[in-house]
Amino acid sequence: MGKVIVVTSGKGGVGKTTSTANLGTALALLGKTVVLVDADVGLRNLDIVLGLESRIVYTSMDVIDKQCELSKALVRDRRVDGLTLLAASQKNNKDDIQPAQMKAICDKLRSTHDFVLVDSPAGIERGFSNASAGADEAIVVTTPDVSAIRDADRIIGLLQHARIEPINLVLNRFSPELVGNGSMIDQEDVIDILNIDLLGIVPEDTGVITSTNRGIPLVYEEGSEGGQAYMRIARRITGQQIPIPAFDQKGLFTSIMNWFTRKG
Amino acid sequence: MSISIRQLFGRKPKSSSIAKQRLKLVITQDRFDVDDRVVTRLHHELIEVLAKYFEFSMDSVQISLKPEGNSYVLVADFPYKKAHDVSMNR
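Line by line, the protein sequences give chains W and R.
Numbered per the numbering used here, the first sequence spans residues 1 to 264.
Numbered per the numbering used here, the second sequence spans residues 1001 to 1090.
No wet-lab data here; the hints were simulated from the structure.
Small disclaimer: the values here were computed from a predicted structure and weren't measured.
All C-beta atoms, glycine included, are put in the ideal place defined by N, C-alpha and C.
There's no promise every hint is true.
[Stated by the list, open to error] Quick list of simulated restraints, FRET-style, between CB atoms:
1. R:K1066 / W:N181: 25 to 35 angstroms
2. R:R1037 / W:S54: 47 to 57 angstroms
3. W:N195 / R:S1064: 17 to 27 angstroms
4. R:V1038 / W:Q67: 48 to 58 angstroms
5. R:R1037 / W:S175: 38 to 48 angstroms
6. R:V1049 / W:Q90: 55 to 65 angstroms
7. W:E165 / R:L1065: 19 to 29 angstroms
8. R:V1049 / W:E177: 46 to 56 angstroms
9. R:S1064 / W:Q160: 23 to 33 angstroms
10. R:V1038 / W:H161: 12 to 22 angstroms
11. R:M1058 / W:E188: 34 to 44 angstroms
[Stated by the list, open to error] Cross-link-like lysine-lysine pairs, in silico, BS3-like; alpha carbons within 25 angstroms at most:
12. W:K11 / R:K1024
13. W:K72 / W:K3
14. W:K72 / W:K91
15. W:K3 / W:K103
16. R:K1020 / W:K11
17. W:K3 / W:K94
Produce the entire structure from the sequences given, and follow the hints as far as they go.
Structure representation (structure tokens):
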């Protein structure tokens, strides 16, 4: 029986879809069977971030409308074994799906996969209720800025109310340099404010832009800091104890990396 | 240059600490779902009760909500002039 994890944030543009695509791919690279569910009906993007947009035939809406079997609607990612996508309908809107219908889909998917990652739309309305309806656990993605953190706190409250736990945090677009000169809230402060466990930190990585342009998740790119961070997070999701590297001081991460490369 | 010198002397707080303070306050209000009317009513009712025991000026009373660790503290500040003699009221 697999786990259903909703990836959510409240605020848009903080990296939910990028995180879902990368964590899903990373988990598959670690040998897990994974299905990624795009819950952003009407504004789907997970397909294009994964580079699978040209291969979508059916969506979750077709499954709900009994136009096709659930297994037939899953698009296989040919680059890695065990990764599939259930796309969202682009022609419908969030109100066309009920939370109970999403829950039924997630429950079915969990019986055949190790992980079901649901990419939630931004906001706290129906799209969020649908995305979290079938979830056991949640990953809240935030960036270290005031609006994203405030919205993350709101979403955490709603997840707690829905008794979804654990709720883990991914701190995205983190810049050790900005933290070092006092222009960015550091991870301890974010944790102190939000009061949930930190699953991982993804450093700011401009490679995300080219990766999205190409439809190739960062985790495929060796040497990508962002990709390595997502790989570590994926390992933690599978239960491995992987320490979070110290990004907190200016240049410290670089010096640690240098130390490792010198050793290796 | 002038900014970094000011920061050196601690005159200007780092924007990250300003962000943290502002966030703590706003999140406290969000979590508590603070309704202004609730605070106003509480304010009036507290004054009614307090006036039975203390003499104070009405507009000196301040009520606020402050974060403390993982919970919140309701702080009521009421500088009083003197306490009434409760035995006289009996």
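Hint check results:
At about 29 angstroms, the beta-carbon gap between K1066 (chain R) and N181 (chain W) stays in the expected band of 25 to 35 angstroms. Judged by the Cβ atoms, the range 47 to 57 angstroms given for R1037 (chain R) and S54 (chain W) holds: they are separated by roughly 55 angstroms. Checking the proposed 17 to 27 angstroms range against N195 (chain W) and S1064 (chain R) shows it holds: the Cβ atoms sit about 21 angstroms from each other. Judged by the Cβ atoms, the range 48 to 58 angstroms given for V1038 (chain R) and Q67 (chain W) holds: they are separated by roughly 50 angstroms.
Judged by the Cβ atoms, the range 38 to 48 angstroms given for R1037 (chain R) and S175 (chain W) holds: they are separated by roughly 42 angstroms. For V1049 (chain R) and Q90 (chain W), the hinted distance range of 55 to 65 angstroms is satisfied, since their beta carbons lie about 60 angstroms from each other. Distance hint check for E165 (chain W) and L1065 (chain R): the Cβ-Cβ separation is about 26 angstroms, which falls inside the suggested range of 19 to 29 angstroms. About 54 angstroms separates the C-beta atoms of V1049 (chain R) and E177 (chain W), a value consistent with the hinted range of 46 to 56 angstroms.
For the pair S1064 (chain R) and Q160 (chain W), the supplied restraint of 23 to 33 angstroms holds, since their beta-carbon distance comes to about 25 angstroms. A C-beta distance of roughly 20 angstroms is found between V1038 (chain R) and H161 (chain W), which places it inside the suggested range of 12 to 22 angstroms. Our hint of 34 to 44 angstroms for M1058 (chain R) and E188 (chain W) holds, since their Cβ atoms are close to 43 angstroms apart. Between K11 (chain W) and K1024 (chain R) the alpha-carbon distance is near 18 angstroms, which keeps this suggested pair within the 25 angstroms criterion.
Distance check on the hinted pair: K72 (chain W) and K3 (chain W) sit about 21 angstroms apart at the alpha-carbon level, within 25 angstroms; holds. Proposed proximity of K72 (chain W) and K91 (chain W) is supported: the alpha carbons are some 19 angstroms apart, at most 25 angstroms. As the CA atoms of K3 (chain W) and K103 (chain W) are separated by approximately 13 angstroms, the hinted pair is consistent with the 25 angstroms bound. For the given pair, K1020 (chain R) sits about 18 angstroms from K11 (chain W) by alpha-carbon distance, which is consistent with the 25 angstroms threshold.
In summary, the hint linking K3 (chain W) to K94 (chain W) is supported, as the alpha carbons are separated by about 24 angstroms, within the 25 angstroms threshold.
Checked against the numbered hints given earlier, this structure breaks none of them.
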